[in-house]
Amino acid sequence: MIYLPISGVEILAWQLILLGFTVGVIGGFFGVGGAFMVTPALNVFGFPMAYAIGTDMAHIAGKSIVATAKHRKFGNVDMRLGILMIIGTAIGIEIGAHAIMFLEKTGRVDVVVQITYMVLLFGLSSYMMYEYFKLSRGATDKSKPVMDAGTSGLAITMQKIKIPPMVHLKVSGFYISVWIILLVSAMTGFVAGFLGVGGGFLRMPSLIYVLGCPTRVAVGTDLFEIVVTGAYGAFTYAMKGRVELIAACVMLIGAAVGAQFGTLATQYVKGLKIRLYFSVTMLLAGVSVVFKFMAGTYKAVYSSSLNAWVKSNAAFMEWAKTEGSSIASTKVQVRDWITLNKAAVKGWFAQQSEAFQQAKAMETMWNNYAGYLLLTAAAGLSLLIIIRMLQGVKAEKQLNLEKANN
Amino acid sequence: MTDMLTKLIPFLGIAAVFAVMMLFTMAVGWASGKLIRKVLGIGGK
Chain E
1 MIYLPISGVE ILAWQLILLG FTVGVIGGFF GVGGAFMVTP ALNVFGFPMA
51 YAIGTDMAHI AGKSIVATAK HRKFGNVDMR LGILMIIGTA IGIEIGAHAI
101 MFLEKTGRVD VVVQITYMVL LFGLSSYMMY EYFKLSRGAT DKSKPVMDAG
151 TSGLAITMQK IKIPPMVHLK VSGFYISVWI ILLVSAMTGF VAGFLGVGGG
201 FLRMPSLIYV LGCPTRVAVG TDLFEIVVTG AYGAFTYAMK GRVELIAACV
251 MLIGAAVGAQ FGTLATQYVK GLKIRLYFSV TMLLAGVSVV FKFMAGTYKA
301 VYSSSLNAWV KSNAAFMEWA KTEGSSIAST KVQVRDWITL NKAAVKGWFA
351 QQSEAFQQAK AMETMWNNYA GYLLLTAAAG LSLLIIIRML QGVKAEKQLN
401 LEKANN
Chain G
1001 MTDMLTKLIP FLGIAAVFAV MMLFTMAVGW ASGKLIRKVL GIGGK
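Taken in order, these protein sequences are the chains called E and G. For the first sequence, position 385 (counting from the first letter as 1) is numbered 385 according to the working numbering, and the numbering increases by one without interruption. To convert a position in the second sequence, counted from 1, into the working numbering, add 1000.
Pulled out of the complex, with its shape left as it was, chain E reads as follows (with noise of 0.2 Å):
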């Protein structure tokens, strides 16, 4: 049992070393942070809300630049690409969030955010699954082996407008203008930013299906432009004092090893079975999206009497004058106090209605079903991960002692 003293929370240090470890290799094999399983994960071994965000960035940094090196070592990685990659990520990010802020400003934008979530990852998942079977199923050149699948009709397209600059992407074997990876990396980052994620589920398939990158160079590029993003964001959040360092250590020690075996077993997966992999988790990923909407709905029933009560509360308004005057917006504010006082929100339910204490927990019932499914998902992919990649060895072993009695 550790303790940590920034959000004053007592959890199991393996538990956070088993959660690293599964992230660590989903997070080498698809080339994404992870803080789509890690952030709710953390949620419900009791780590507040605004820490596990903080923290899961800080380990997402250092589990990436473990993963990235390896990639790199492999020649998965295309640094002019990436480089791109960011310059156009951190655009639409930047606009995504003002888009998000105005629409806060007027109405309920929570739901809306939620829905374009759910729709993305359930859109996303059932086109990434439709082609991989259409592929596997005998629609390529039968002659030859299926080791990913050909550049779609879309990257094509996109390869042949020749708007100067263009640009060598020598490890990804194409040429492409400057502005169409600029354009492509800005969506996806206002997507990003729009819906408050990292955005590596979105960049690995932009990657490959509408620039027309190799799997494991997606996956190797992806990972390299998380380094940079990761990496900010845990910096704006530790000056905000909401990173538990001791955490992310601990985290990191099982997502070091893990993003070894994730990157590894890239090179021993063929690349559309690692779509499929990825078509998979998204889709559990929109799963949990919707036992947070679930979450949601019952949390809709007293939210505006909580939030009413908190802004009345004469401990609130002292904070907000002080420690929490750095904070923008109202809404987050509150957000915030209702975090760091626990105590005081219990006893606020426990004098309410039983309707609303009856919400409150089936609210926290929910966001421990989205927390749980995801648990088993990141446990259950990471094991499949590691068992395909020791078939992997196991196989090249073999053909390699064929060839030598040969």
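Derived from the structure by calculation, the hints contain no laboratory data. We put the beta carbon where it would ideally sit given N, CA and C, even for glycine. One should not assume that every hint holds.
With a cut-off of at most 27 Å between alpha-carbon atoms, the simulated DSS-like pairs for lysine-lysine come out as follows [stated by the list, open to error]: (1) E/Lys311 <-> E/Lys321; (2) E/Lys73 <-> G/Lys1038; (3) G/Lys1038 <-> E/Lys394.
Quick list of simulated restraints, FRET-style, between CB atoms [what the hints assert, rightly or not]: (4) G/Ile1042 <-> E/Lys162: 37 to 45 Å; (5) G/Ile1042 <-> E/Tyr127: 33 to 41 Å; (6) G/Ile1042 <-> E/Phe349: 49 to 57 Å; (7) E/Lys331 <-> G/Lys1038: 46 to 54 Å; (8) E/Glu94 <-> G/Leu1023: 25 to 33 Å; (9) G/Thr1002 <-> E/Gly8: 30 to 38 Å; (10) E/Ile83 <-> G/Ile1042: 26 to 34 Å; (11) E/Leu399 <-> G/Trp1030: 40 to 48 Å; (12) E/Ile387 <-> G/Thr1006: 52 to 60 Å; (13) G/Met1026 <-> E/Leu103: 34 to 42 Å.
Please build the complex by placing chain G on the supplied structure of chain E, with the hints as guidance.
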């Protein structure tokens, strides 16, 4: 000057802590990578 230093110290402090964290992660990653490759018999030298 003092005001600027007050702002700069937490910034540099966090940067230093993060740098140490990253070095630690890379060391764990490097060592585990070597061990994994050795155990699987796919290199490790």
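Taking the hints in turn, this is what the structure says about them:
1. E/Lys311 <-> E/Lys321: holds (12 Å)
2. E/Lys73 <-> G/Lys1038: holds (17 Å)
3. G/Lys1038 <-> E/Lys394: holds (14 Å)
4. G/Ile1042 <-> E/Lys162: 37 to 45 Å: This hint holds: roughly 43 Å between Cβ atoms.
5. G/Ile1042 <-> E/Tyr127: 33 to 41 Å: About 34 Å separates the Cβ atoms of isoleucine 1042 of chain G and tyrosine 127 of chain E, which means 33 to 41 Å holds.
6. G/Ile1042 <-> E/Phe349: 49 to 57 Å: For phenylalanine 349 of chain E against isoleucine 1042 of chain G, whose Cβ atoms are near 56 Å apart, the range 49 to 57 Å holds.
7. E/Lys331 <-> G/Lys1038: 46 to 54 Å: With Cβ atoms ~53 Å apart, the hint holds.
8. E/Glu94 <-> G/Leu1023: 25 to 33 Å: holds (31 Å)
9. G/Thr1002 <-> E/Gly8: 30 to 38 Å: holds (32 Å)
10. E/Ile83 <-> G/Ile1042: 26 to 34 Å: holds (31 Å)
11. E/Leu399 <-> G/Trp1030: 40 to 48 Å: violated (28 Å)
12. E/Ile387 <-> G/Thr1006: 52 to 60 Å: Hint holds: Cβ distance 54 Å, inside 52 to 60 Å.
13. G/Met1026 <-> E/Leu103: 34 to 42 Å: holds (40 Å)
When each numbered hint is compared with the structure, a violation occurs for hint 11 only.
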